[in-house]
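Asks: Here are the chains, one letter per residue:
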Amino acid sequence: MSDKKQFMFLNRRAPYGTIYAWESLEVVLIAAAFEQAVSLAFIDDGVYQLVTGQDTTGIGMKNFSPTYKTLGDYEVRHMYVDKDSLEARGLSVDDLVVVPWEDWETEETVDNIVEVVDSAKLAELLEESDVVFSF
Amino acid sequence: MSDKKQFMFLNRRAPYGTIYAWESLEVVLIAAAFEQAVSLAFIDDGVYQLVTGQDTTGIGMKNFSPTYKTLGDYEVRHMYVDKDSLEARGLSVDDLVVVPWEDWETEETVDNIVEVVDSAKLAELLEESDVVFSF
Amino acid sequence: MKFAIQVNEGPYQHQASDSAYQFTKAALEKGHECFRVFFYHDGVLNGTRLTTPPQDDRNIVNNWVELAEKYDLDLVVCVAAAQRRGIVDEGEAERNGKDATNIAPRFRISGLGQLIEAAIQCDKLVVFGD
Amino acid sequence: MKFAIQVNEGPYQHQASDSAYQFTKAALEKGHECFRVFFYHDGVLNGTRLTTPPQDDRNIVNNWVELAEKYDLDLVVCVAAAQRRGIVDEGEAERNGKDATNIAPRFRISGLGQLIEAAIQCDKLVVFGD
Amino acid sequence: MSDLHTVNKSPFEKNSLDTCLRLSKAGSSILLYEDGVYAALAGTSASEKITGALADRKVYVLEPDFRARGLKADRLIEGVEMVDYAGFVDLVDACSKVQAWV
Amino acid sequence: MSDLHTVNKSPFEKNSLDTCLRLSKAGSSILLYEDGVYAALAGTSASEKITGALADRKVYVLEPDFRARGLKADRLIEGVEMVDYAGFVDLVDACSKVQAWV
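Residue numbers (the working numbering), protein chains in the order written: chain Z, 1 to 135; chain G, 1001 to 1135; chain R, 2001 to 2130; chain Y, 3001 to 3130; chain L, 4001 to 4102; chain U, 5001 to 5102.
The shape of chain Z in the complex, shown without the other chains:
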């Protein structure tokens, strides 16, 4: 039995209005160093974190959104987006960032680890995780 745990990071807040999105991302980056199986779920307003074209120059806050694109380099293997949340907001996967992934050892590559899933699937994924981090 592997002693890797399945970590799920639950993202349910819009960026900038509160700091949860950003500080949650900081935890994900650190988690990479611990060699666990890391997945992220974007639910409710959390789906807005992945919207492309964020430009914070007018509000004087740091634009941390470019970091999402690099999560594949930080041992993140899955980024699940809640279908219901996306649709309620009139968004599609085309509005969201693309996150490529590559396994340096096996050279296996994935073009985009951002995946839209329905409620049943998401409930399943949450239940299968060993630890759920909420921010």
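FYI, nobody ran anything at the bench for these hints, they're computed from the structure.
Only true hints are included.
Beyond 12 Å from chain R on every Cβ pair, some chain U residues (computed): (1) E5048; (2) G5052; (3) L5054; (4) A5055; (5) K5058; (6) K5072; (7) A5073; (8) D5074; (9) I5077; (10) E5081; (11) M5082.
Pairs of lysine-lysine residues, derived as DSSO-like cross-links and limited to a Cα-Cα distance of at most 27 Å, are as follows: (12) L/K4058 to L/K4072; (13) U/K5025 to G/K1121; (14) G/K1121 to U/K5049; (15) U/K5097 to G/K1083; (16) G/K1069 to G/K1005; (17) U/K5097 to U/K5049; (18) R/K2070 to Y/K3098; (19) L/K4049 to G/K1083; (20) R/K2098 to G/K1062; (21) Y/K3030 to Y/K3070; (22) L/K4025 to Z/K83; (23) L/K4025 to L/K4097; (24) Z/K69 to U/K5072; (25) G/K1083 to L/K4072; (26) G/K1062 to Y/K3070; (27) U/K5049 to Z/K83; (28) Z/K83 to L/K4049; (29) Z/K69 to Z/K83; (30) G/K1069 to G/K1083; (31) L/K4058 to Y/K3030; (32) L/K4072 to G/K1069; (33) R/K2002 to U/K5097; (34) U/K5097 to G/K1005; (35) L/K4097 to Z/K83; (36) G/K1083 to U/K5025; (37) L/K4097 to Z/K4; (38) Y/K3002 to Y/K3030.
We treat Cβ as the ideally placed atom computed from N, Cα and C, and that holds for glycine.
Given chain Z's structure and the hints, the job is docking chains G, R, Y, L and U onto it.
Replies: What follows is chains G, R, Y, L and U alone, placed relative to chain Z:
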């Protein structure tokens, strides 16, 4: 023209889950010293602030609810409760604190300044106020 | 226009402090008068000089301090809210037996009456919060 | 059961700190092991010794300190979150050129790795927040 | 063993309970605490959410939070169980993990 | 002169916009800022709230907050006006008072 301003304190949060209800009450008590016309509005979860029988012994927090009963002594003349909010929560005025009021000079008395009002009336009252305090 | 600002949230956790700062700055640049910025609830946490935000991000406390210096702004931290949350100046440290202070320059600690007075004196009160 | 606690909000503004404290206390009294309490986001504000809450109310910071003394609890404040919000110990004061510290006894400042480690080591992670 | 879901937000103010109910599985448990306890009351515009959940999930309410807010046990939705902090600990102990819908 | 209502919360997460719309009068103005800007988008499950309000109220959205969140002007509900912080100040200047639905 009087230089009294019509102050309206907007209460939209449940007690204890956050401190807004309590710290809002502290402002109201201070406002009394400034001899303005002070009204309070209880809307959304703010109506829960007035529910009787609060008992915080199990959570170790101070029970500040007895203060509401005394607001008539602090120059508060009106406590408006939003009808829609009350009904959505299955509450009636019988579940709420009674706040008597007396004008020490004219000896005019009011048995209960807690008054349930509908949306149209509340919108009117908000518009007629000079300053709205939000917490 | 003579206006007063109320800030209900601390820096970084919510955008409220940023919005309040940007609004105040824009109003002052347009020539309006800001009678007072009143920090209430967690808003009092805007008034600490001990923050060290990341170098590539804004420094909200310093933003307030610089704006106060430029326009002689009155930045008032509510004393009751500050006591609950550990914002302390010399006087408060002495009164409450604390061995350190953390209040930022240009901020002062005072009572809730300062909020009521601001609301009476000003044409408009603008509240920023969660 | 070996458990870890994550606290995302500061004391007083939200009930999260109180709930986390009551839960931790109840679990310890039942004989469970608390591996670590990790304070993140505004949760780091639980770790200041400068608060003076009203005499007739609970003192949340002291509650944590007393629990830590009784059960040798590991109270960890996230360094990145603490820097943004002005929670400072001796080491941080020196590194960031601050002239005061405000960390409460029994709290220590450390990195986010401490949260990840706690999640790996423990049977359960319980998160309290807004 | 199944998961314990915790909800601390009022169902009238925020969408946390809705999302918890949508993404929690049959057989799991839900603990309502802090302002989340308001969802446990019968006769409100939110009551149906909990009565619906009770069909295939267990629902608990934290009594100290319930009483703090002046709520009465006779208003509790039938089937919702009261627990104290020790009971909260037991729920965490018994579950496979906690999902906090903060 | 009429009132300016400010809303800084997402219509998908909190009930602030609903209450603002219920209690703001015809002729008043509404400014959406911070996470409130999401309400200004066409084609969402919340769009009807703003299109309804536009019948008798003016609705503004704070452009710096709108752009920060990666939102595009071509998704804006027709009739909603963009303002910057200076425009926010002008709205406050022009109104009789501000009602903040924080």
